[in-house]
Amino acid sequence: MSSFKEQFEIPGRFRNISLALMAVGIVSVIVGFFMYGSHEPARFWATMLHNSVFFLLIVNASMFFICATTLAMGSWQLAFRRVPEAISKAVIPLGVIALIVLLCIVMTDQHHIYHWLDKEHVQHDAILKGKSGFLNPTFFIVWTILSIGLWVVLGHKMRQLSRFLDENPLASVEEGRKYIFKNTVWAALFIVWFGLTVASVTPWLWLMSIDAHWYSTMYSWYTFASSFVSGMSLIALFVIFLKNRGYLEVVNEEHLHDLGKFMFAFSIFWTYLWFSQYMLIWYANIPEETIYFKPRVQGVYKGIFFLNLIVNFLVPLLLLMRRSAKRNYTSVAILAVLIIFGHWVDFYQMVFVGPFKEHVDLNLFDFGVAAGFVGLIMFSTGRALAQAPLVPKNHPFFKESVIHHT
Amino acid sequence: MSVKKFVVGCFDDEAVLFPAVKKVRKAGYKLHDIYTPFPMHGLDHAMGLRDTSLHTAGFIYAITGTTTALGGISWVFTKDWPLNIGGKPHFALPAWIPITFELTVLFSAVGMVLTFCYLCQLAPFLKKHHFHPRATDDQFVMVIECTEKTNEDEVKSFLAQAGAKEINVQNAETGWWLGRYDKDTMPFQVRKEKTAFE
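First to last, the protein sequences are chains A and B. In terms of our numbering, the first sequence has 171 at position 171, counting the first letter as 1, and numbering is strictly consecutive. In terms of our numbering, the second sequence has 1100 at position 100, counting the first letter as 1, and numbering is strictly consecutive.
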């Protein structure tokens, strides 16, 4: 086993690019703050909200992937298990940033974004008044802190369990069983919390409450599908990157094929939820509900709305359908970038249509902030990868992953 | 339909079967087929079979289903018998998507099952020759077809060396298919590919 290239060293160019992207992000935030901060603060905060929430959710999807496969006793992902582990470590910096952004929005009463923050308005608004038990600053702040905090804590525990085996190989089968059971318990705890946050309450608070009068029971699942498919794409990108640099010898196209299947299947799952939400509202044609789609389908966001559907559904459906496309490093890499971009646009139309119904103002500021977050994810993940051996070779299921065959 | 002569060897171990397949291909014998009780990963690759085109057929059936559904519904609701349903436009695409999806799945599923049966030469009320009854139980049955040049004793001793437990010679129908099976060439005869072991 000593012939494995086990230790990742951050290439100089990788570090430079990540630092440059982060610098671009910081400059964009400062410039954006001076451009919009005083006279149009909602524009500034909407961009920050869009980017921080999107990137936080996609790195957190990595930990969900680890826990879901742990619970399913899946072994195939062990060959590249350290990659999602490293990505999920970015939940810490991104969680802090998202927390600051969300708290700033609520504390400084940005009621152009969350109009349930406007107390006087809520008093005269029967619907918002009815929801005020849920949509109020206290609940928002407590739930946001709890969400991000427990993702960080439980994720840290899962990473710790995985790292534990590097120095302490399992001595007996009995010990192995105990280890797997311990993993199962912590993974289950994470999944339960993930279900209560990402798959239900958190997207209601962070994103759906932008359109506070409107609601959809599909919304959280829709957000989850969006973030999970981009999260899988992110994992695939890092796996391909490491493979290109000559690491991860035991990962082969069989593992890539399964990652490709996830990207393909969850693109379709996303479309299924998108369509279910759209069709029911279109069919019932009730004004309270159609108000959500009016500016998106018929207004100025028409282009983005249909671009979203093409990039996130038609392109993955047609290009990833073939077996050979899922086993090809180039095609998976290109589609992964495209899917992440597509879902970034998806989140854009989830956030921006509420406060800015009349005009689309997608400009360099948004892309600059997004670049900053990309740089941060690269930087954080690169550092986390360099800290641990790339192959969890003491895990009881490791051999199963090496001989994995689809 | 032609009766041919086959040499049949039974293996009881995967670990013996795979090297045996490699040896048979290397020696240039005509591998008719291998019957196993369960699907075996990598056996198709070891035998040098090409990838199945069943999924291409499935895709074609699926887009046939999509166009049938969209074409059919849009003709009915816009040309043949336009109805006002809840004030919706006659061309009400979102409402048709579920039906389109169902028909896509139905066409591809039924089409692929029939194609699969056709490719495997399976149909109701037809008899097929079974080389060994234990091929559905615990034995891997390798069948080698004899040509006019084959010396069957040589093949028998070859299979015994390769690790086959039970070896016999059978005269059997090649299948029920009435096409030009005799003149077809099996892909593994023509294409020289690397096996997993080389």
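FYI, nobody ran anything at the bench for these hints, they're computed from the structure. If you're wondering where the values come from, they're calculated on a predicted model, not measured in any experiment. Each hint should be verified, as a subset may be incorrect.
For lysine-lysine, the following DSS-like pairs were computed, each having C-alpha atoms within a straight-line distance of at most 25 Å [stated by the list, open to error]:
id, chain 1, residue 1, chain 2, residue 2
1, A, 302, B, 1088
2, A, 157, A, 129
3, A, 399, A, 119
4, A, 294, B, 1005
5, B, 1005, B, 1026
6, B, 1023, B, 1149
Examples of chain B residues toward chain A, derived with CB under 10 Å [unchecked claim]:
id, residue
7, 1028
8, 1032
9, 1041
10, 1051
11, 1057
12, 1086
13, 1088
14, 1098
15, 1110
16, 1158
17, 1160
Where is the CB? At the ideal position from N, CA and C, for every residue including glycine.
Check each numbered hint from earlier against the structure, then list the numbers of those it violates in ascending order. Violated hints (numbers, rising): 2, 3, 4, 7, 8, 11, 15, 16, 17; every other hint is consistent with the structure.
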